[in-house]
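Participant: Letter by letter, the chains look like this.
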Amino acid sequence: MSDTVLNLTDVTMQFGGVIAVNNLSMEVRPGEIVAIIGPNGAGKTTAFNVITGVYAPTNGEVSFHGETIISNHPQGKMTKLYAGEHLGKYDKVIQKTPDRITKMGIARTFQNIRLFKDLTVFENVLIAKHMNMRAGLFSATCMLNHNEEKEMRQQSMELLEILDLADTKDEISSSLPYGKQRRLEIARAMATNPSLLLLDEPAAGMNPQETNDLTAFIHRLKEEFHLTVLMIEHHMNLVMEISDRIYVLDFGKLIATGTPGEIQNNQHVIDAYLGVDEDGH
Amino acid sequence: MKKLDQKTKIILSVALVVVAILGLSYLDANRSDYSYALSILERSAIYAVVAVAMNLLTGFTGLFSLGQAGFMAIGAYTVAILTIPVESRAAVYYINGIADGLANAYLPLWAALILAGIFAAFMGLLIGYPVLRLKSDYLAIATLGFSEIIRAFIAAPQLDRITNGSYGLKSIPGFPSTFMVFGVSALCILLMVMILRSSYGRAFKAIREDETAAEAMGINLSKHKQMAFVISCFFTGVSGGMLAVYMRSIDSKSFQIGLTFDILLIVVLGGIGSVTGSVFGAFLMTAGREWLRFFDNPLVVGGFSVPLFRSGFRMVIFSLILMAVVLYYRKGLMGTREFSWDGIYNFLRKHLYLRWRKPSGEEVKRDV
Ligand SMILES: Nc1ncnc2c1ncn2[C@@H]1O[C@H](COP(=O)(O)OP(=O)(O)O)[C@@H](O)[C@H]1O
Ligand SMILES: [Mg+2]
Numbered sequence: 001m002s003d004t005v006l007n008l009t010d011v012t013m014q015f016g017g018v019i020a021v022n023n024l025s026m027e028v029r030p031g032e033i034v035a036i037i038g039p040n041g042a043g044k045t046t047a048f049n050v051i052t053g054v055y056a057p058t059n060g061e062v063s064f065h066g067e068t069i070i071s072n073h074p075q076g077k078m079t080k081l082y083a084g085e086h087l088g089k090y091d092k093v094i095q096k097t098p099d100r101i102t103k104m105g106i107a108r109t110f111q112n113i114r115l116f117k118d119l120t121v122f123e124n125v126l127i128a129k130h131m132n133m134r135a136g137l138f139s140a141t142c143m144l145n146h147n148e149e150k151e152m153r154q155q156s157m158e159l160l161e162i163l164d165l166a167d168t169k170d171e172i173s174s175s176l177p178y179g180k181q182r183r184l185e186i187a188r189a190m191a192t193n194p195s196l197l198l199l200d201e202p203a204a205g206m207n208p209q210e211t212n213d214l215t216a217f218i219h220r221l222k223e224e225f226h227l228t229v230l231m232i233e234h235h236m237n238l239v240m241e242i243s244d245r246i247y248v249l250d251f252g253k254l255i256a257t258g259t260p261g262e263i264q265n266n267q268h269v270i271d272a273y274l275g276v277d278e279d280g281h
Numbered sequence: 282m283k284k285l286d287q288k289t290k291i292i293l294s295v296a297l298v299v300v301a302i303l304g305l306s307y308l309d310a311n312r313s314d315y316s317y318a319l320s321i322l323e324r325s326a327i328y329a330v331v332a333v334a335m336n337l338l339t340g341f342t343g344l345f346s347l348g349q350a351g352f353m354a355i356g357a358y359t360v361a362i363l364t365i366p367v368e369s370r371a372a373v374y375y376i377n378g379i380a381d382g383l384a385n386a387y388l389p390l391w392a393a394l395i396l397a398g399i400f401a402a403f404m405g406l407l408i409g410y411p412v413l414r415l416k417s418d419y420l421a422i423a424t425l426g427f428s429e430i431i432r433a434f435i436a437a438p439q440l441d442r443i444t445n446g447s448y449g450l451k452s453i454p455g456f457p458s459t460f461m462v463f464g465v466s467a468l469c470i471l472l473m474v475m476i477l478r479s480s481y482g483r484a485f486k487a488i489r490e491d492e493t494a495a496e497a498m499g500i501n502l503s504k505h506k507q508m509a510f511v512i513s514c515f516f517t518g519v520s521g522g523m524l525a526v527y528m529r530s531i532d533s534k535s536f537q538i539g540l541t542f543d544i545l546l547i548v549v550l551g552g553i554g555s556v557t558g559s560v561f562g563a564f565l566m567t568a569g570r571e572w573l574r575f576f577d578n579p580l581v582v583g584g585f586s587v588p589l590f591r592s593g594f595r596m597v598i599f600s601l602i603l604m605a606v607v608l609y610y611r612k613g614l615m616g617t618r619e620f621s622w623d624g625i626y627n628f629l630r631k632h633l634y635l636r637w638r639k640p641s642g643e644e645v646k647r648d649v
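These protein sequences, in sequence, are chains A and B. My numbering puts the first residue of the first sequence at 1, with every later residue one more than the last. My numbering puts the first residue of the second sequence at 282, with every later residue one more than the last.
Worth flagging that the hints you see were computed from the coordinates, not collected in a lab. Think of the CB as a built atom: it goes at the ideal place given N, C-alpha and C, for glycine as much as any other residue. Please note that a few of the clues may not be correct.
As the list claims (entries may be wrong) - Coverage of chain B stretches by chain A, computed from C-beta distances (three or more under 8 Å per stretch; other residues unrestricted): (1) 466–477; (2) 486–499.
Said to hold, decoys possible - Beta-carbon label-pair distances, calculated as ranges: (3) B:538 <-> A:137: 29 to 39 Å; (4) A:56 <-> B:439: 39 to 49 Å; (5) A:56 <-> B:292: 56 to 66 Å; (6) B:292 <-> A:142: 23 to 33 Å; (7) B:418 <-> A:142: 30 to 40 Å; (8) B:624 <-> A:253: 53 to 63 Å; (9) B:421 <-> A:251: 33 to 43 Å; (10) B:430 <-> A:137: 20 to 30 Å; (11) A:100 <-> B:366: 49 to 59 Å.
Based on the provided sequences and hints, a complete structural model is requested.
Facilitator: Written out as structure tokens, the structure is:
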């Protein structure tokens, strides 16, 4: 089991009558770059929100390095509404909060950038270092944790340098151009020292040059920090070039999985997604 | 933006503090002439503490509480009960007598003020624990209710031997020195500023900016909200304690909802998210109320008595001014900015045409 980083089994997320994620099982192994693709509304972001503890799934289980972090079965009015499979299989209820999950080593970025808008670039990264603070309120207030604070600042600064954002460190984060905001979100996620990084459409809104840089950059992050990466992405060039394996979702259901080569030649995928996408562009 | 160098700023800051102390010493030395001005300044300083405490919660953590009057009442009664001289207590509680355990419970003022903060913080913990897990709007409703319940408790006949019920508490010794009011206020505000500048303060701001993102950065939401709320309650309690000492006599009516709204107005006027804004706001509001007394007296111009100029009219004017601020100056005086020497310097340069220096190359580049 624990030779996988992330394991989803039979995960269903139902909002009232809408089944956003339908019986999804998937795994991510150490050091992989795995992509989730699929048309808008396929349930990709919802899957991220389940993994990170933002939503409690209606049914199913998520484990991280072999430890179950989320497990649920239909409850309350969902027992009647539930339309998925494996009813009654998951009798435990485990729901770690998002901050606990982040502390365990899963970091994420958001599809609609969610920076701390009124704070500076540097503060955005520094805040992600807060969770590992040893100093309590008293010693932090009286600045008795001088070394720790210095260390936090130093590490944040290093990250900004690696992500090529050091020159913007004192700017208000919302004043950055779009591409840099996306990069800052990655920097902020990296500041939590994750072993698994979830990227929700990291190339959205980037120009071709920035997208190219991103490819190299994700590779570099992965090597330098021994990361495993799970990402949602629409740019097919980027996905095909970067990923080891791909999962394809459509209407919440997994319709295909395989290497980029396999996916490109999969008739289901071409019908549901790739064909449409290529016409669209 | 041009920046002053660090040394100049330190000199200016020290100068400002020295001027303030000298000014206060002067007023204090001539107390008989300036007792009115001093009492306004003292009240302002006390309000500044609770306003900054409210801002810490609302402006910096994004939580909205309306329980200020209640937490101030807890602080005020704590200080009053513990600092009224033991020999005067029989006279204060002459109707119902004083509870046995309290008859000889006396603390020096500083210790009573700390205890006032601790009691208020403890109440905050009890209320915050269930409420802060819910959506943030519930906090305002719960604390507003709490504040009125506290008042009811204070006036309740069952507690007569502790709070002296509706008779209130009198004979509270005043401050030993006017400097204590400003000293304690300054210390409280300084502590809050240091909290806000620490990593915990950054976590509070992160919660204000975006709860989902803050949580995704590993910040435990309920723990940090609880922390901000308890800190805010602590300083609100201390300021309530100071208010009791300032007023010398208190009863449950001193802590009506109106008090909470006064503080809220100070915070809004000064700028939600600006500590210095709250401090300026406190002085401006308190002094403004007094300046407007002019409108309360009948005004006779050339034998003609101007209508409207009578008791209570100043509150109408005051409300109009506040409405104008809220409508046209939505961010308050300071917005989320803070007082800084750079800001003053640039303001003066801009408005007094002190632009004798050519803009440096750096500035030109910035403008592009
Ligand atoms: N909080 C929610 N409440 C109700 N429906 C939701 C919620 N979040 C997502 N959905 C629905 O779930 C479906 C999948 O959405 P999403 O996961 O954002 O798709 P994707 O990221 O693949 O574009 C959509 O139909 C969306 O309307
Ligand atoms: Mg999405």
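Participant: It remains to establish, for every hint, whether it holds in the given structure.
Facilitator: These are the hints, each one checked on the structure:
no.: 1; hint: 466–477; result: holds (count 3)
no.: 2; hint: 486–499; result: holds (count 11)
no.: 3; hint: B:538 <-> A:137: 29 to 39 Å; result: holds, 30 Å
no.: 4; hint: A:56 <-> B:439: 39 to 49 Å; result: holds, 45 Å
no.: 5; hint: A:56 <-> B:292: 56 to 66 Å; result: holds, 58 Å
no.: 6; hint: B:292 <-> A:142: 23 to 33 Å; result: holds, 26 Å
no.: 7; hint: B:418 <-> A:142: 30 to 40 Å; result: holds, 34 Å
no.: 8; hint: B:624 <-> A:253: 53 to 63 Å; result: holds, 57 Å
no.: 9; hint: B:421 <-> A:251: 33 to 43 Å; result: holds, 41 Å
no.: 10; hint: B:430 <-> A:137: 20 to 30 Å; result: holds, 28 Å
no.: 11; hint: A:100 <-> B:366: 49 to 59 Å; result: holds, 53 Å
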